[in-house]
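Enquirer: Sequence:
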Amino acid sequence: MEKTLDANVLILGKTGSGKTSLFNYIFGRNVYATGAGRPVTGMGIYEEAVTLSPDFTLHLYDSWGLEADKARDWKQLINDTLKAHDVAEITEWFHTIIYCISAKAARVEDFDLEIIDSLRQGGNQVIVALTHADVAGDPDNLMTMLQTIAQSGHVPEEDILPVNSQSKTLLTGKKTQAYGREAIISRIKAGLLSAISQKIPHIFEEEGREIIETWYTRCCYRIDTDLRKPGGISARKEKERNRLFTAYAEEAQSDIEQSYDTLISEAYRYYWKFCGHLEQNPVGFVKRPRKPLEALRMRLHLTDALQAAGENIGQFFEGLFKKEKRTAKHDAFAQFYRKGLAKYREQLYQMLKENTSKMKTELREYHQIVQSPE
1 MEKTLDANVL
11 ILGKTGSGKT
21 SLFNYIFGRN
31 VYATGAGRPV
41 TGMGIYEEAV
51 TLSPDFTLHL
61 YDSWGLEADK
71 ARDWKQLIND
81 TLKAHDVAEI
91 TEWFHTIIYC
101 ISAKAARVED
111 FDLEIIDSLR
121 QGGNQVIVAL
131 THADVAGDPD
141 NLMTMLQTIA
151 QSGHVPEEDI
161 LPVNSQSKTL
171 LTGKKTQAYG
181 REAIISRIKA
191 GLLSAISQKI
201 PHIFEEEGRE
211 IIETWYTRCC
221 YRIDTDLRKP
231 GGISARKEKE
241 RNRLFTAYAE
251 EAQSDIEQSY
261 DTLISEAYRY
271 YWKFCGHLEQ
281 NPVGFVKRPR
291 KPLEALRMRL
301 HLTDALQAAG
311 ENIGQFFEGL
321 FKKEKRTAKH
331 DAFAQFYRKG
341 LAKYREQLYQ
351 MLKENTSKMK
361 TELREYHQIV
371 QSPE
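One point on numbering: in the UniProt record's numbering, the residue at position 27 of the sequence shown is 27, and numbering is uninterrupted.
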């Protein structure tokens with residue numbers, strides 16, 4: 001049976017900003033009860049799991065007690081919350097961050113801009129919803145609010161959206177229609193794809209670095225182990241080590257390739273499902289064949305190590321024979337073998353750099369396809 005999809009939405013705003021109505025409007029039904037299970041006093045960001053369908057559970061992170069007189073505390077709380085979700089697993093990310101400002105107020109406070117700036121840490125996309133847009137009064141009020149936010153430099157204009165979450169009849173008898181849902185869903189979709197394009201290459205690079213350093217540590221351990229035994233620098237031992245180091249390198253390269261494919265496949269599989277539940281039709285992703293990585297053949301000899309380190313071979317041996325203790329001699333050999341080994345590590349890092357660049361290009365091209373599916 002296929003796993004259920006879990007998504008995380010962070011929705012913040014001061015009391016009365018229309019967070020609950022907006023959430024219910026976006027996800028198409030009255031699934032979230034106003035203030036259910038929340039404390040009467042205090043402040044915090046609270047999680048509530050909302051089952052939208054048998055295979056889709058949305059985890060809503062909602063603010064409580066967001067007020068200007070506690071700006072410093074809220075900035076710290078937001079920072080801690082964002083860090084807790086800035087991880088490699090895409091299912092743990094915040095897939096949508098929405099900040100609500102009621103258009104009834106007809107103004108944007110400095111506090112709102114400070115909170116939005118805090119939310120955008122780490123390149124997060126923040127959608128600013130100007131709620132209660134139907135009762136904003138003078139149409140110029142909405143435009144002034146939008147311009148204030150856009151000119152602050154915190155949010156691009158396309159992510160500032162007027163929205164009316166409920167159709168209703170006003171006291172004047174005027175009937176208003178709900179609007180803004182399609183625009184918000186479009187930006188949610190674009191934001192998730194943008195997050196994938198930004199975060200996945202960084203995650204890939206971090207995983208690649210860990211793989212390479214593990215390879216280097218294994219090789220160094222083998223050098224240290226061999227040099228404690230008689231004949232550790234013999235031609236036979238060097239040939240045996242090179243064969244083993246080559247196998248280690250091939251394993252590392254295979255792990256890096258696997259990381260590449262897994263990260264991209266999982267990210268887009270999640271994207272399709274998430275957008276599908278938002279009644280969107282994302283463009284499919286076709287796995288592209290990639291040229292296998294060129295094998296890294298190890299030929300690590302003592303003379304190579306010394307030359308790679310820029311050492312004079314005669315001076316090395318002259319200094320070596322002056323060492324009285326056997327362990328000191330072994331340490332000297334090990335040090336220079338490692339320096340020779342480091343040049344191969346540099347080749348692996350260059351390979352990782354090239355593949356990270358390829359991944360960025362691949363993600364960017366897919367992003368362009370989605371934005372212009374025609």
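Because the hints were derived from the structure by calculation, they are not lab data.
Backbone N, C-alpha and C fix where the C-beta goes; we use that ideal spot for every residue, glycine too.
Mixed in with the good hints there might be a few duds.
[Stated by the list, open to error] Computed Cβ-Cβ distance ranges for the label pairs, DEER-style:
id : residue 1 : residue 2 : range
1  : 347       : 57        : 43 to 49 Å
2  : 47        : 269       : 33 to 39 Å
3  : 230       : 350       : 52 to 58 Å
4  : 55        : 217       : 28 to 34 Å
5  : 269       : 73        : 26 to 32 Å
[Said to hold, decoys possible] DSS-like mimics (lysine-lysine), calculated; alpha carbons at most 25 Å apart, straight line:
id : residue 1 : residue 2
6  : 358       : 199
7  : 353       : 339
8  : 343       : 237
9  : 104       : 175
10 : 168       : 239
11 : 360       : 199
12 : 199       : 104
13 : 168       : 199
14 : 239       : 339
15 : 358       : 343
16 : 239       : 360
Enquirer: Does each hint fit the structure? Answer for all of them.
Expert: The hints, checked one at a time:
no.: 1; hint: 347 <-> 57: 43 to 49 Å; verdict: 45 Å, holds
no.: 2; hint: 47 <-> 269: 33 to 39 Å; verdict: 24 Å, violated
no.: 3; hint: 230 <-> 350: 52 to 58 Å; verdict: 37 Å, violated
no.: 4; hint: 55 <-> 217: 28 to 34 Å; verdict: 42 Å, violated
no.: 5; hint: 269 <-> 73: 26 to 32 Å; verdict: 38 Å, violated
no.: 6; hint: 358 <-> 199; verdict: 14 Å, holds
no.: 7; hint: 353 <-> 339; verdict: 21 Å, holds
no.: 8; hint: 343 <-> 237; verdict: 20 Å, holds
no.: 9; hint: 104 <-> 175; verdict: 17 Å, holds
no.: 10; hint: 168 <-> 239; verdict: 81 Å, violated
no.: 11; hint: 360 <-> 199; verdict: 10 Å, holds
no.: 12; hint: 199 <-> 104; verdict: 37 Å, violated
no.: 13; hint: 168 <-> 199; verdict: 41 Å, violated
no.: 14; hint: 239 <-> 339; verdict: 18 Å, holds
no.: 15; hint: 358 <-> 343; verdict: 23 Å, holds
no.: 16; hint: 239 <-> 360; verdict: 39 Å, violated
Checked against the numbered hints given earlier, this structure breaks hints 2, 3, 4, 5, 10, 12, 13, 16; the rest are met.
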